[in-house]
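These are the residues of each chain, in order.
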Amino acid sequence: MAQKKKVTAVVYSQKELAPDIYDMWLETELAETARAGAFIALYPKDKSTLLPRPISICEIDRENRRLRIVYRIAGKGTREFSAYQKGDTVEILGVLGNGFPTQKAEGKRVFLMGGGIGVPPLLETAKALAAAGTRADIIVGYRDSKLFLKEDLEQYGRVYVATEDGSVGIRGNVMDAIAENGLQADVILACGPMPMLRAIKKYAEENDTEAYISLEERMACGVGACLGCVCKTKDVDHHSHVHNARICTDGPVFDAKEVDI
Amino acid sequence: MNTKVKIAGIEFQNPVMTASGTFGSGMEYSEFVDLNRLGAVVTKGVANVPWPGNPTPRVTEVYGGMLNAIGLQNPGIDVFIERDIPFLKQYDTKIIVNVCGKTVEDYVAVVERLGDTEIDMMEINVSCPNVKEGAIAFGQKADCLYDITAELKKHAKQPIMMKLSPNVTDITEMARAAEAAGADAISLINTLTGMKIDIHRRCFALANKTGGMSGPAIKPIAVRMVYQCANAVKIPIVGMGGIANAEDAIEFLMAGATAVSVGAMNFINPYTTTEIVDGIEEYMKQYGIEDVNELIGAVK
Numbered sequence: 001m002a003q004k005k006k007v008t009a010v011v012y013s014q015k016e017l018a019p020d021i022y023d024m025w026l027e028t029e030l031a032e033t034a035r036a037g038a039f040i041a042l043y044p045k046d047k048s049t050l051l052p053r054p055i056s057i058c059e060i061d062r063e064n065r066r067l068r069i070v071y072r073i074a075g076k077g078t079r080e081f082s083a084y085q086k087g088d089t090v091e092i093l094g095v096l097g098n099g100f101p102t103q104k105a106e107g108k109r110v111f112l113m114g115g116g117i118g119v120p121p122l123l124e125t126a127k128a129l130a131a132a133g134t135r136a137d138i139i140v141g142y143r144d145s146k147l148f149l150k151e152d153l154e155q156y157g158r159v160y161v162a163t164e165d166g167s168v169g170i171r172g173n174v175m176d177a178i179a180e181n182g183l184q185a186d187v188i189l190a191c192g193p194m195p196m197l198r199a200i201k202k203y204a205e206e207n208d209t210e211a212y213i214s215l216e217e218r219m220a221c222g223v224g225a226c227l228g229c230v231c232k233t234k235d236v237d238h239h240s241h242v243h244n245a246r247i248c249t250d251g252p253v254f255d256a257k258e259v260d261i
Numbered sequence: 262m263n264t265k266v267k268i269a270g271i272e273f274q275n276p277v278m279t280a281s282g283t284f285g286s287g288m289e290y291s292e293f294v295d296l297n298r299l300g301a302v303v304t305k306g307v308a309n310v311p312w313p314g315n316p317t318p319r320v321t322e323v324y325g326g327m328l329n330a331i332g333l334q335n336p337g338i339d340v341f342i343e344r345d346i347p348f349l350k351q352y353d354t355k356i357i358v359n360v361c362g363k364t365v366e367d368y369v370a371v372v373e374r375l376g377d378t379e380i381d382m383m384e385i386n387v388s389c390p391n392v393k394e395g396a397i398a399f400g401q402k403a404d405c406l407y408d409i410t411a412e413l414k415k416h417a418k419q420p421i422m423m424k425l426s427p428n429v430t431d432i433t434e435m436a437r438a439a440e441a442a443g444a445d446a447i448s449l450i451n452t453l454t455g456m457k458i459d460i461h462r463r464c465f466a467l468a469n470k471t472g473g474m475s476g477p478a479i480k481p482i483a484v485r486m487v488y489q490c491a492n493a494v495k496i497p498i499v500g501m502g503g504i505a506n507a508e509d510a511i512e513f514l515m516a517g518a519t520a521v522s523v524g525a526m527n528f529i530n531p532y533t534t535t536e537i538v539d540g541i542e543e544y545m546k547q548y549g550i551e552d553v554n555e556l557i558g559a560v561k
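If you read the protein sequences in the order shown, they are chains A and B.
Note that the working numbering numbers the first sequence so that position 90 is 90, with each residue one more than the last.
Here the working numbering runs 261 ahead of the position in the second sequence, where the first position is 1.
One should not assume that every hint holds.
Unchecked claim - These stretches of chain A come out as covered by chain B in the derived footprint (C-beta under 8 Å, 3 or more residues):
1) 19–25
2) 49–62
3) 210–224
4) 227–236
Claimed, not checked - Over the 12 Å line for every Cβ pair with chain B, so calculated as not near, a few chain A residues:
5) K4
6) K6
7) V10
8) A41
9) P44
10) G75
11) K76
12) E91
13) N98
14) D137
15) D144
16) E154
17) N244
18) I247
The hints are simulated quantities; they were obtained by calculation from the structure and are not laboratory data.
Quick reminder that beta carbons are idealized off the backbone N, C-alpha and C, glycines included.
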């Protein structure tokens, strides 16, 4: 795995995709070593907010050395980022985390499942799979008709939408979308809210399907030192020899069978 | 120019160390900084057996700093001796192992195991605010601190440094108790107990409800406490609390610390420690200071 670095990135573009959902392309050398399902951490300039904000990588443009992040305004730090304009700089730490094991999905029937702000990392994942000749079924859930990234995803697979209010696609969640469309898969790669990931873990167990889920937790260092962002694991972890894996370094993507969520 | 400092007969190439719990055993940060350039690596606390730590969320941000309630998750002394000490021995830096426990016997067990290893010093964590069972009492009652210090001195083959809690009425009483019991040095401050409430979700930001506050916002409190302790005891002090750059580090030295530790700022800028090493040298050049020891306690 390439060395982690803290570097200065330059904002290449930024736009609002949906209410409070922003789409930013960053020019950075980290694009060279970025991978689908991994993340970077952005440092706000406002020094009252010191910790870096972990944000998943949505898309990688290696040729132009650019990374795309799509994020939701969740507080002061992300609000600051959303005001950045082309040419502004931002300190970033990366590339962090393991990423999705796309090689385990190549040539198989694949679900890429995302809920809300868990949708963005699916884009680069879908792109990587499509490049390897595997077009996934992409099942994405949103609150309402304010969708984002749907057209981007449609380039790389068949997209099924579920909305909580039923305004677009299936009324309900991503699990309802699978059932209604009679979809089947050998491998699931997923990112989204905890109730969705729990449902996927259960579905995978019942259907004897492999599932890799991307977890999220409050983190401080992002590099595995502070032990802030742990999740319960079935087996003893290699770092502390208890049952706690570090989401920032052992994850964020875990085999659903290996974690207690 | 001399940047070496001495604590308990051990010579450190410079006065810049890492604060326990913010730097692991150096492995994770060795991708960012050259550990050979640090005065010492102070490791994450290690107990006699593995500790799972607290439930999540364990960390949260506050104005100018953060709260943590990790709960001293650690792999236990066996794994530590097998894996972490050999890792650190590859580097030209001193090794200070932070020792934690729930009972005096726990501490003694770790101190004895470390006796046969090639570490340079031990820092005794009697001041973690996030572990419910007992430990903090050792750090908040002067007579308890005296007793555990005296007991560990009987078993320790390396010098011991007692890490003091700021969550006391008068930290100099604690410093005096540690010195009287034979501690070779003291380090301060550990984190300040704090709390944050998420008003939108009507819950505590941390699963543990309370957490230890660190970061630049606590620095003035730490400088004051280092100054008070430096005037109360003769044993050396390792100062810490919100150190973000060389200027901050020099403040601690002038307040009376012989060395300093960088904690939460490692999370914000992983290069902080070596930037401080460089910054202290630049300051010495700028003011024509030949020996870093001239700065220690320079402000009376």
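So, going through the hints one by one against the coordinates:
1. Only when three residues or more bring their CB closer than 8 Å to a CB of chain B does the claim for the segment 19–25 of chain A stand; here the count is 0, and the claim is violated.
2. Restraint check on the segment 49–62 of chain A versus chain B: 4 residues with Cβ-Cβ distances below 8 Å, three needed, restraint holds.
3. Beta-carbon proximity to chain B at under 8 Å applies to 8 residues in the segment 210–224 of chain A; the threshold of 3 is reached and the given coverage holds.
4. Check on the segment 227–236 of chain A: 5 of its residues sit with their Cβ under 8 Å from a Cβ of chain B, so the three-residue criterion for coverage holds.
5. With a closest Cβ-Cβ approach of about 5 Å to chain B, K4 (chain A) is found to fall inside the 12 Å limit, against its non-interface label.
6. At the 12 Å boundary, the C-beta of K6 (chain A) falls inside the reach of chain B, the nearest C-beta of that chain being 6 Å off.
7. A cut-off of 12 Å between C-beta atoms confirms that V10 (chain A) is not in contact with chain B; the least separation is 19 Å.
8. Listed as outside the interface, A41 (chain A) is inconsistent with that label: its C-beta sits roughly 10 Å from the nearest C-beta of chain B, within the 12 Å cut-off.
9. Under the 12 Å C-beta cut-off, the non-interface status given to P44 (chain A) relative to chain B is violated; the minimum distance is some 10 Å.
10. Look at G75 (chain A): its CB is around 9 Å from the nearest CB on chain B, not clear of 12 Å, so calling it non-interface is violated.
11. Look at K76 (chain A): its CB is around 9 Å from the nearest CB on chain B, not clear of 12 Å, so calling it non-interface is violated.
12. A beta-carbon of chain B comes within 12 Å of the beta-carbon of E91 (chain A); the shortest separation is about 8 Å.
13. Against chain B, the non-interface label of N98 (chain A) holds: every CB pair exceeds 12 Å, the least being about 15 Å.
14. For D137 (chain A), the requirement that its beta carbon stay farther than 12 Å from each beta carbon of chain B is met, with the minimum near 32 Å.
15. At roughly 20 Å, the least C-beta separation between D144 (chain A) and chain B is larger than 12 Å, which holds for a residue marked as non-interface.
16. Annotated as non-interface, E154 (chain A) keeps its C-beta farther than 12 Å from every C-beta of chain B; the closest such distance is 35 Å.
17. The beta carbon of N244 (chain A) is not kept farther than 12 Å from every beta carbon of chain B, the shortest such distance being approximately 6 Å.
18. Listed as outside the interface, I247 (chain A) is inconsistent with that label: its C-beta sits roughly 9 Å from the nearest C-beta of chain B, within the 12 Å cut-off.
Violated hints for the displayed structure, listed by number in ascending order: 1, 5, 6, 8, 9, 10, 11, 12, 17, 18.
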